Amino acid sequence: MNLLDFIFRRNGSSSSETAKNRLKLVLIQDRSSLPASLLDTLRDELLRVISKHVKVDKGDIEVSISRAQNYNTLVVNVPFRAPKRQLRKLATVTE
Amino acid sequence: MGRIITITSGKGGVGKTTTSANLSASLALAGKRTIAVDTDIGLRNLDVVMGLENRVVYDIVNVAEGAVSLEQAWIKHKRVQGLYMLPASQSRNKNAVSVNDMKRIGQELKQKFDYVIIDCPAGIEQGFQNAIAAADEIIVVTTPEVSAVRDADRVIGLLENASKEKLQLIINRLKPAMVKRGEMMSTGDVTEILAISLLGVVPDDEKIIVSTNCGELAIFNPASVAGKAFKTIARRLLGEEVVAPRPVEASVNGAGVMNKLKHFFFGANDTHPA
Chain X
2 MNLLDFIFRR NGSSSSETAK NRLKLVLIQD RSSLPASLLD TLRDELLRVI
52 SKHVKVDKGD IEVSISRAQN YNTLVVNVPF RAPKRQLRKL ATVTE
Chain E
4 MGRIITITSG KGGVGKTTTS ANLSASLALA GKRTIAVDTD IGLRNLDVVM
54 GLENRVVYDI VNVAEGAVSL EQAWIKHKRV QGLYMLPASQ SRNKNAVSVN
104 DMKRIGQELK QKFDYVIIDC PAGIEQGFQN AIAAADEIIV VTTPEVSAVR
154 DADRVIGLLE NASKEKLQLI INRLKPAMVK RGEMMSTGDV TEILAISLLG
204 VVPDDEKIIV STNCGELAIF NPASVAGKAF KTIARRLLGE EVVAPRPVEA
254 SVNGAGVMNK LKHFFFGAND THPA
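Residue numbers (the numbering used here), protein chains in the order written: chain X, 2 to 96; chain E, 4 to 277.
The hints are simulated quantities; they were obtained by calculation from the structure and are not laboratory data. Source: prediction; values computed, not measured. Take the hints with a grain of salt, since some may be wrong.
[Stated by the list, open to error] Computed footprint of chain X on chain E; a stretch qualifies when at least three of its residues, placed anywhere within it, have a C-beta under 8 Å from a C-beta of chain X:
| no. | stretch |
| --- | --- |
| 1 | 52-60 |
| 2 | 148-155 |
[What the hints assert, rightly or not] Label-pair ranges, simulated between beta-carbon atoms:
| no. | chain 1 | residue 1 | chain 2 | residue 2 | range |
| --- | --- | --- | --- | --- | --- |
| 3 | X | Leu39 | E | Ser200 | 30 to 36 Å |
| 4 | E | Cys217 | X | Leu75 | 55 to 61 Å |
| 5 | E | Asn216 | X | Lys25 | 35 to 41 Å |
| 6 | E | Ser200 | X | Glu63 | 40 to 46 Å |
| 7 | X | Thr19 | E | Gly160 | 45 to 51 Å |
| 8 | X | Thr19 | E | Val71 | 49 to 55 Å |
| 9 | E | Leu161 | X | Leu39 | 18 to 24 Å |
The beta-carbon is built from N, C-alpha and C at its ideal position, and this holds for glycine as well.
With the hints as constraints, model all of the structure from the sequences given.
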């Protein structure tokens, strides 16, 4: 935008800017369209890997995708129980 | 060997058929043997835009089925030397032609023409897949509107997945005065979002409707700014073989004194159609 455009434009934001911003947002969603089965597949495979080391219930794993302006984030929330043996040890220490 | 260029858009009504007809005729006028192919089966329209509707006998479905030869089905334009048109079927099912049929027809046409311009139907279904199957290059047509640009983006994604590498953009129906007022997205806005190379910009022009009413092409109307833009775009297509493409500035439609003054002081910006 040049100087005279700036002076003569009464409102701060124009409808073309609104159009551009709306497009950018909708395209982030369109472009990141992932197969619907992806989250289920991820949940199953993560469960298999994590279960080797700690005890996890399948129902506890939350897998989701959070969308930001320029990137997407895979959010995985895995509450797990510590192995029983360790819990017992911990208990004796605190006593 | 000729070049097969498919004109597509995703969204309907953005000017694919008008673009196909005018580019084909411009290429033929430049001495290149050119055929425009209508692949919108069931919704044939390239014939009326080119003023050839009374001469359709056979169509692309007859060719795909092997019932007639290409030479029997294509129509030679009387006014433009070296311009031909292969019509779509109006009555048949849209799945009457397969991807393999199109590849075969495309290969055959490539032997006989310098340019094969394929007018793609709207949408991203079978007709779209057919239209891009044989394409060496793709031109995506959009208008500076949210819905058209969104669909163009979707189509570009599909074309990239289909390993189509040579993609170029035409922005159609740009209204320079609205862009100046900040009421329409500019060429820069659209190219920033779609991120493919810009082949040209066609200003909005009421004379296109007059041309279509009469089955004449806008490139033959000296008063049509859109016709002028299509000729420029055809030159750029040819430029890859002959000379390097160069931007041609067109004057801003309805530019007021203030805009001319601004233009004088601050120089050209991207609201100019080229």
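Hints versus structure:
1. Remark: the stretch 52-60 of chain E is not confirmed as covered by chain X, as 0 of its residues place a Cβ nearer than 8 Å to a Cβ of that chain, below the required three.
2. Only residues whose C-beta sits within less than 8 Å of a C-beta in chain X count toward coverage, and the stretch 148-155 of chain E has 4 of them, enough to reach three; the restraint holds.
3. Checked against the hint of 30 to 36 Å, the pair Leu39 (chain X) and Ser200 (chain E) passes, with Cβ atoms roughly 32 Å apart.
4. Take Cys217 (chain E) and Leu75 (chain X): their Cβ atoms lie about 58 Å apart, and the range 55 to 61 Å holds.
5. In this structure the hint that Asn216 (chain E) and Lys25 (chain X) lie 35 to 41 Å apart at CB holds, the actual value being about 38 Å.
6. Look at Ser200 (chain E) against Glu63 (chain X): about 43 Å separates their beta carbons, and that is inside 40 to 46 Å.
7. The supplied range of 45 to 51 Å is broken by Thr19 (chain X) and Gly160 (chain E), whose beta-carbon atoms lie about 24 Å from each other.
8. Thr19 (chain X) and Val71 (chain E) have their C-beta atoms about 52 Å apart, which keeps the hinted 49 to 55 Å range intact.
9. Between Leu161 (chain E) and Leu39 (chain X) the beta carbon distance is about 19 Å. The supplied range of 18 to 24 Å therefore holds.
This entry does not satisfy hints 1, 7, going by the numbered hints stated previously.
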